[in-house]
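The chain contents come next:
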Amino acid sequence: MSRRFGELAFLLLAYFIAGKLGLRLAFVNASATAVWPATGIAVGGLLLLGRGAWPAIFIGAFLTNLLTAGTTFTSLGIAAGNTLEGVVAAYLIERLAQGRRFLLRPRDVFRFTGIAAAATTLSATLGVSTLMLGGLAAWTTIGPIWLTWWMGDMAGCLLVTPLIVSWAATSSGEWTKARAAEAFALSALAAATAFAVFGPALSISAGSSLEFLCFPTLLWAAYRFGPRATTLALASLSAVASLSTLHGFGPFAGKSPNEALLLLQAFMIVSAATMMSLSAVVAAHRRAVQDLRVIHRQLEERIDRRSAELAAIVETSLDAIIGTDAEANIRSWNSGAEQLLGYALEEVRGRSITLLAPPGREEEVARAFETARTGMSEYYETQRLCKNGDLVDVSIIISPVRDASGEIKGFSAIYRNIARRKRAERELGRKTEELMRSNSELSLFASIVSHELQEPLRKIIAFGDLLTQSDSATETQRAGYVKRMQDASRRMQRLIEDILDLSRVTTNARPVEPVDLGEVAEEVAADFKSRFEHVGARIETAALPVVLGDPFQVRQLFQNLIGNALKFRDKERPLVLRISELARADGFATFAFEDNGIGFEPEHAQRLFKPFQRLHRRGEFEGSGMGLAICQRILLRHGGAISARGELGRGATFEVTLPWSEKIAQAAAEALAAQGKSASPPA
Amino acid sequence: MTGEKPHVLMVDDDDEFRMIVRDWINHRYDFSELPSGEGLLEEMAEVQPDVVIMDVRMPGPSGFKLCQAMRADARFHSVPVLFLTASKDDVDFVRSLRVGGTAFLAKPVDRKDLLYKLKELLLTPV
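For the record, the sequence lines run as chains A and B.
Numbering-wise, the first sequence is residues 1 to 683 according to the working numbering.
Numbering-wise, the second sequence is residues 1 to 126 according to the working numbering.
Incorrect hints may have been included.
As the list claims (entries may be wrong) - Once the Cα atoms are required to be at most 25 Å apart in a straight line, the calculated DSS-like pairs of lysine-lysine come out as:
1) B:107 <-> A:610
2) A:610 <-> A:431
3) A:483 <-> B:107
4) A:610 <-> B:65
Stated by the list, open to error - Chain A regions said to be covered by chain B (calculated; three or more residues, Cβ under 8 Å):
5) 450-460
6) 470-482
7) 605-616
Read the hints as simulated data drawn from the structure, not as lab findings.
The beta-carbon is built from N, C-alpha and C at its ideal position, and this holds for glycine as well.
All chains should be modelled from the sequences, with the hints used to inform the complete structure.
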């Protein structure tokens, strides 16, 4: 509160002093002067302290006029006019010219000048009217009085307000030694020029128009030092020139004092307006340059950040990202490319990308780039060549890279390793094929099975019909039919059992372990002993190896083969069945079941193993035709094989291959020996 | 024709089925049988059948082949042949006609169908 009071008091005092001094030069009318810095103080003060400070102006103006010349009435009127001038000017400058900062833009300087002209016109008009109404001025002298009033106010405004406003703001310049030196030089020169032009030394006479010699230093101040220096230079010049002119020196002196002063003020007004706008241009330009620098720096930072982000994305990508120029020579190469293809950047930089083509397929790579050259991105799957000569399955996307004008200035190729996917696809394809094959096998099997089951079923129905419908059948015949039905039923049962046996080979599979084949042969032979003796058959077993297998299934295998030999024996001669080892190689052992039975025609060798395939009439030999099919499935499950050779009327030989290894055989033999059992010695 | 009743010769590897057919038709026809094509022509010369029932699927030469052999022999050129086929395939039908068969029935064979077919074949003038 007291600070505000102090400010207002200061303003009032400043105004009063300026006003009093100014009115000492009131030549035309006691109340009108060509030198009126008070307006400048008023406008500047209201801009700095706010329009609410107007009472200080009003009181100051009133006292100034009252204590110099004039009645209470005229003093009040003039005070009102002066206050109004200040308030109006300050308001308009705030509204239209950025207020205190009007010196920073040329546009605002021009507006300030215009506003000053309008406000001072208002003041001059009101003031002169008041004088007239108050009887202190004659109608005929209105013109010169008005002009004097107006020019005094205008000059005061243009010289003092900018000075106040620019020096009230904080300095933005940096002072180096050089700059200080320059400022000193400028001041010296300005002073020298001013004194030379306006001073008594050179006796410059009126009308010589040499006042414009002051311009260079003003320009220097405006261009190099900005608004503060410019306003100071202008005010200083004005002071010096005014004093000189009053004393009759300089280019404006010679006429009546008032006229001289008016000419001087005219010159000062124009100079001030010009120089301030120039300094505003310079200031604006400087600001723009600085802003540009800041923006430029921010943009560069942003670009750097962005580039780093993008580079990081490229570098950390697991895909190979390769950049080339427009001729498909390699320009950039990320770590993904290094990993995938084996080359480091230095090894491939500048080389053509056809370097990566599989041998003989360079054309393909070149063609891929042709498509990209037309502007379209291309996706496809193919192989590429690594540094170490391996081929790798990849998916490739090639895209053109354009510059700002849309021209293609290079390409980007992204490779992704699809070996795993390809492998999975191949695996899937294989599994699908397997599945399809298995399915068709299954449906074939199902139709054969149903066909096979139909036969005994039909018999049951047929004999059943005969039983019920045939009146002429005898008891013996009837008994015969019943027996046939029973046989057929048992046949169906056996068939179903055999089918289940076949499926159990895979579903009931036990883990594989060492199996002594010699032992198995002996055990099974023992099972068949009575039947063999009954028909005079003989079985000879040579040494058999220890193999890896499912003991239960191996036993089943022997049972089927020995049983078959017995079934298909030649009734003309005693059966001799020889089981012996044939060979050992590559992790497998092969042994043979050789008999002298009825044999078979060689062309049927494959058919033997198909389920239900008969080489003989139905019913001629017992069994459902599944025995060998079961054997084959057992061998398949063990990773082995079974095949048949034969000659019709001479006999058949079945060759069986099962997995065998030296190590296992040794270990098993040792284990058996440890158990105290005797084992077949390894051959 | 060697007796009052017409003579039927059946060639089929299924013993039981032959037995069944015999019981079906022997009140009306004389019946002889063969378990396979072996000795077919000799048997035919001996019994002089009026119609031959031939199973198609047999071990050894199939029914079709046997029929062809039969037709090649002038003596049996016009004896009606009734095929018993295991399926209703069109192929079998076409083939049975092509090899000189006269008619066919698909297994499983119905008693009534068989009797009716035989009657038909024997009524048709040769």
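Hints, one by one, checked against the model:
1. At roughly 23 Å between alpha-carbon atoms, residue 107 of chain B and residue 610 of chain A fall within 25 Å of each other, so this suggested pair holds.
2. Between residue 610 of chain A and residue 431 of chain A the CA atoms are separated by roughly 24 Å; this keeps the pair inside 25 Å, and the hint holds.
3. At roughly 23 Å between alpha-carbon atoms, residue 483 of chain A and residue 107 of chain B fall within 25 Å of each other, so this suggested pair holds.
4. Under the criterion of a C-alpha separation no larger than 25 Å, the hint pairing residue 610 of chain A with residue 65 of chain B is consistent with the structure, at around 24 Å.
5. Judged by the Cβ-Cβ criterion of 8 Å, the stretch 450-460 of chain A is covered by chain B as claimed, because 5 of its residues qualify and three suffice.
6. As drawn, the stretch 470-482 of chain A meets chain B at 4 residues by the rule of a beta-carbon pair under 8 Å; at three or more, the given contact holds.
7. Chain B is given as covering the stretch 605-616 of chain A, and this holds because 3 residues of the stretch bring a CB closer than 8 Å to a CB of that chain, at least three being needed.
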